[in-house]
Amino acid sequence: MSLLDVRDLSVVFQRRGERPFTAVDKVSFTVEPGQTVGLVGESGCGKSVTSLAIMGLLPKRGNKVTGEVLFEGTDLLKLRPDDMRDRRGREISMIFQDPLSSLNPVIPIGIQVAEVLERHQGRDRKQALRESRELLDAVGIPDPQRRLSEYPHQISGGMRQRALIAIALACKPRLLIADEPTTALDVTIQAQILTLLKQLVDETGTALVMITHDLGVVAGLCDTVNVLYGGKVVERARRHELFAHARHPYTHGLLNSVPRLDSPRGERLHAIRGSVSDNIPWAEGCAFAPRCDNVVDACLEGPPPLEPTATGGDLRCNNPVSEEVAVR
Amino acid sequence: MSDPITQAGAPAPRSGDDKPRPGMSERSIGVLGDRKKARLDELARASSADRGGISLVRDAVRRLRRNPVAIVGATIVGLFILVAIFAPLIAPHDPVARFDELTKNLTVDSIPGASSEFPLGSDPLGRDFLSRMIYGARQTLFVGVLATLIGLALGVLIGAIAGAFGGWVDVVLMRLTDVMLALPSLLLAITLVAMASRSSQWTVIFAVAIVNVPIFARLLRGSMLAQRESDHVLAARALGVKERNIVLRHMLPNSLTAVIVQATLTFAVAILDAAALSFLGLGDPDINRAEWGLMLGVDGQRYFEVRPELAYYPALAIVVVALGFTLLGEAMREAIDPKNRR
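Residue numbers (our numbering), protein chains in the order written: chain A, 1 to 328; chain B, 1001 to 1342.
The shape of chain B in the complex, shown without the other chains (with noise of 0.2 Å):
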């Protein structure tokens, strides 16, 4: 119940209301005072978060603790991300060195398989297949993250801006956003990758990232102009607070939980995104980086029929990433969502 996460500046951590503590003296009495009083505490803040009076932000996490959904997805969210962080300590080989042992045995019909030095075998070039998928883990999140991160940027500006004016600032930029919406995201993406002169990781980045943009526009716009005709804001006027403190103070912080879920959710969507540029071979040129749709599309589609296993790999790892990153967010929507508090 001691849970670390809390927002910045939350509240001190609830004591029991009005009940008075006992043995809670501040001077400690050796280890054994210092134990029971952490677990004095601990009590009280237990019987204190069965009384209400918690944070949305520990409800929702307590109601994740309790989603069998929430934990799959996050313990697949968590290795994915340690497995990207550690690539360097767990790979057992350098990703991009061509190992004689292993061109050597390449031919045309044949690329070797596992052995006891490299577990998953050899790329078709002669590369350690494990390392490659493993240093591929570093290269998806990182894709992932930063296309989502400026899908969430550009997203917000644009909805906050149109949520925050209204009028006819709001009627061009969501018209802008419908135009975006009404082309299928891979189709716009393609459009935006093939529009750039020199095909790079970051073409790919940027691609991905503005076809997510109009959804968080979107969904933000709508709850800007919901916390406009809110209570709160129409008492923040009242007290002459100054209209852009009233956005970015009272409209844009309420607003923000839904976009947030949403980010989550998209992260598994530029994942899929970008894979899926990859494959179509429009992603990153440079051969020495390793990346699961760049695996999947060129070598496991080429090399089908020679070693199966270049293809099957690489598109399970973009599955089951995809699918922990659409549990978690899933599972955080429903506990974020107010309706389903107590």
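Bound-form chain A, shown alone (with noise of 0.2 Å):
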């Protein structure tokens, strides 16, 4: 059994007088036990829509969920608010994106961590503080105990991931949502966080969902990949499937316009055209379809099925890339 199973997962956002807007399509993955698995996809393709999802984290209002969300069998979706905040931190966690404004600024980092220990362990303030110590310390933050006391304005962007990553770790979770998690560091810290996650997540076994549009994340990263577009998966493959034989033209278009240190003095950067907002509602047709290069009539007739492709994962496209060209 999988440790996440999502079964056609839908997010519709619908404001009263308003054209309702479908952000999430029927999306459905699975991660297994101890497996790091990538969202990728740019802004507004519903990857943190997903996320929030999977988690309940979405505003009561305004928005209707439908599909199944199975955490080791159980449809999170189902669960009533009381018993899915109990898992939340201690069996699913979740990342954020900005380390600074998901840190309350008014509470020391000590406090915060100790926090979800006192909540799910039933840990007392001093235990958990001890805890929260060595959960520090294993994050990599020098001298933890100064640290304890000190608030998020005080310590550095990548210390602050850290301390994050310790709070989201700190009851051994099985499963952990990164939603974007090295967006707002910089470069040099980017890869430390991520060496960091890879190297915790080997060591607790616990399964990892990166959301990202940072195909560099996913090459060090992701066992498998899923690339959404416009709210659905549009293809699915193991990583050096991904990497080495795109099949999707949006997948491949996304690989070619990361700029390359080997190509010739001069060259223009590739860049896929259009925008995110010149898409076709999926209904009509493939939402890609006036972007794409490989269009064919199909395109604009239906849906195109996600269909298994030979080498073991899935693509959403009537006329893919053929594998001799998919490497530049």
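Just so you know, the hints here were simulated from the structure itself, not pulled from any lab data.
All of these numbers come straight from a predicted model, not from anything done at the bench.
For glycine and all other residues, C-beta sits at the position ideal for the given N, C-alpha and C.
You may find that some hints are simply not true.
Some chain B residues near chain A, calculated using beta-carbon distances under 8 Å [to be verified]:
(1) A1235
(2) A1238
(3) L1239
(4) V1247
(5) R1249
Here are some chain B residues the structure puts well away from chain A; computed CB gaps all over 10 Å [as the list claims (entries may be wrong)]:
(6) G1078
(7) T1103
(8) S1116
(9) D1178
(10) S1230
(11) L1234
(12) G1240
(13) N1245
For each label pair, taking beta carbons as the anchor points, the in silico distance ranges come out as [what the hints assert, rightly or not]:
(14) V187(A) x I1081(B): 36 to 46 Å
(15) L1079(B) x Q121(A): 46 to 56 Å
(16) A271(A) x R1244(B): 29 to 39 Å
(17) P1068(B) x V187(A): 39 to 49 Å
(18) R1244(B) x D278(A): 43 to 53 Å
(19) V187(A) x T1075(B): 50 to 60 Å
(20) R1244(B) x H270(A): 29 to 39 Å
(21) G62(A) x G1222(B): 15 to 25 Å
(22) F1165(B) x H270(A): 50 to 60 Å
(23) P1068(B) x S149(A): 29 to 39 Å
(24) D1231(B) x D278(A): 55 to 65 Å
(25) R1244(B) x G62(A): 23 to 33 Å
(26) F1165(B) x Q14(A): 18 to 28 Å
Bring the two chains, given one by one in their own frames, into a single complex with the hints.
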């Protein structure tokens, strides 16, 4: 049994008097214990909404979540709010994008780590603080004893993200969802944080769902990658398959748009033409068709199905990039 | 720079971050060594302060110290509080006692003026005016502090409930505060005092407190709603923190700054309102109690043609103290405002 099995998850935002907007459209993917799964896509493709829906953190009003989120066989979407709250932070944790705003500015770091331990493990304050120090030490924060009593604005950005990781992993959850954990950090720190995440995930056997728009992060970390476009999974493949033979024109375009050091001098950077807003509803055809180089007539007649590929992945495309040209 | 004002649980004094402090051995080497160590500590603190990483409170205090407006306000407030606390030591006479030397000179059209024994002369009942002024500070502080605190407590309660629950609770509570805000504050206070069967010091305090409740409630509710949307509250939710703890630990402490500043400003208003109520004869009926508003309203007004000082001094005292609190409050608001940081 998979650790996390997301089946046909849809999130529709609806406000009175406005047309409903489907942010996530029948997304399915699975996460095996200890595995690292990437959700990749550009802004607005539904990555973060997916993660919030899994965590049950979407606002109560104004949206409709359908489908199933099976965590060890239990459908999280059907749980009572109290039961879900007991699981959050203990069995499933989440790391957010901006480490400064995700920490409470008026509470010392130590108390914030201890809070989770008190909440889920029934520790008293003293013992929770002692464990917090070990946790801060484990995520590589120097002089953890002093950091315990410091406030978030007093430590650096990288250290804040480390502290957040310590908080998220405090109760040794089985699943960690990281929502663009390195976006707000500079590149040198990004590498450190990713290495740390990888190491901790390996040590504790925690499964990781990595949400990112950064293909570099995917390359270094993920076992399986789900590429999202317009709220749907368009391609799913194992990491090496994806980087070696990206089949979907969108994935292909994303990989090609990564600047390369060995490209000839003076060559223009590759870009996917158009923007995310140039899409058509999935019901009428492939949302990526207006921006696609490989577009065929079938693309505008109806949504292409997600079909298994020969290499064990899945692909939603009528006219995929052939394997020969996939590598530039 | 070594400032004693730090919050509870504030970070330990920061030494230079990575820079080893020279000469910082644990064993003391006599008095000179101690003094040197203290000086080094101070320098280390100062240098770390320049490198950022200063707590909000310490930063605000530093900003306040540089602001002449804040210094003037703080001086006035400080003097006022000292006078109020040490009134029995400062006042030359008992403020309630009627002195024969003064009463025998009292006539319909003359009230004894300054003499060596009574620097500000007599009040219309033959009591020492200076002592009454000094004790008046005490009374004013008492009324101001209590009215502000009660108003603050009720306002925070209502605002926190409205901000924490949202939905229809929020709607009901905020419409109630709207009703209260719609009435001019003094009018509302007069109505409240008039509703009480017997007016006393406490009716004044409660009336002034309740007038200020909607202001605090609105302010807190607004910042609580903003906090509700903030990332760290979402993060706390993602960790499964209980709703009660999210409100009490994550939303409330982050929303209180604005309210605390408002409290200093409210203090000035409370003093003025209390004085106004006394002036209008709705205050404490006890004629023995020295209160600036009462002195201004009853004695000052009635005997203005005989001895205008009876009105001048209480009025001046009220104005100066209210000004002091307003200046301090404004300066605090500016100092705490994150937009002004660095």
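So, going through the hints one by one against the coordinates:
Using the Cβ-Cβ criterion of 8 Å, the hint placing A1235(B) at the interface with chain A is satisfied: the shortest such distance is roughly 4 Å. Using the Cβ-Cβ criterion of 8 Å, the hint placing A1238(B) at the interface with chain A is satisfied: the shortest such distance is roughly 4 Å. With 8 Å as the threshold, the beta carbon of L1239(B) comes within range of chain A, its nearest partner Cβ sitting at about 4 Å, so the hint holds. Taking 8 Å as the C-beta cut-off, the interface hint given for V1247(B) is violated, the closest approach to chain A being about 13 Å.
At about 7 Å, the closest approach between the beta carbon of R1249(B) and any beta carbon in chain A falls short of 8 Å, and the interface hint on this residue holds. Every C-beta of chain A lies more than 10 Å from that of G1078(B), the closest at about 27 Å, which supports listing it as non-interface. Here T1103(B) stays apart from chain A, with its beta-carbon at least about 59 Å from theirs, past the 10 Å limit. The Cβ of S1116(B) sits about 56 Å from the closest Cβ of chain A, beyond the 10 Å cut-off, so the non-interface label holds.
Its beta-carbon lying about 24 Å from the closest one in chain A, D1178(B) satisfies the requirement of being farther than 10 Å from that chain. With 10 Å as the threshold on Cβ separation, the claim that S1230(B) sits away from chain A is violated: the shortest Cβ distance comes to roughly 7 Å. Listed as outside the interface, L1234(B) is inconsistent with that label: its C-beta sits roughly 6 Å from the nearest C-beta of chain A, within the 10 Å cut-off. With 10 Å as the threshold on Cβ separation, the claim that G1240(B) sits away from chain A is violated: the shortest Cβ distance comes to roughly 4 Å.
Remark: the non-interface label on N1245(B) conflicts with the geometry, its nearest Cβ contact in chain A lying 7 Å away (cut-off 10 Å). Range check, V187(A) to I1081(B): Cβ separation about 54 Å, and the 36 to 46 Å hint is violated. For L1079(B) paired with Q121(A), a C-beta distance near 53 Å keeps the hint of 46 to 56 Å intact. Checked against the hint of 29 to 39 Å, the C-beta distance between A271(A) and R1244(B) comes to roughly 50 Å, which is inconsistent with it.
The hinted range of 39 to 49 Å is satisfied by P1068(B) and V187(A), whose Cβ atoms lie roughly 46 Å apart. Roughly 47 Å separates the CB atoms of R1244(B) and D278(A), a value that falls within the hinted 43 to 53 Å. Separated by about 52 Å at the C-beta atoms, V187(A) and T1075(B) satisfy the suggested range of 50 to 60 Å. For R1244(B) paired with H270(A), a C-beta distance near 53 Å fails the hint of 29 to 39 Å.
At about 21 Å, the beta-carbon gap between G62(A) and G1222(B) stays in the expected band of 15 to 25 Å. Taking the beta carbon of each, F1165(B) and H270(A) are about 52 Å apart, inside 50 to 60 Å as hinted. P1068(B) and S149(A) have their C-beta atoms about 34 Å apart, which keeps the hinted 29 to 39 Å range intact. Checked against the hint of 55 to 65 Å, the C-beta distance between D1231(B) and D278(A) comes to roughly 30 Å, which is inconsistent with it.
At roughly 25 Å, the beta carbons of R1244(B) and G62(A) sit within the given window of 23 to 33 Å. For the pair F1165(B) and Q14(A), the beta carbons lie near 24 Å from each other, so the given range of 18 to 28 Å is met.
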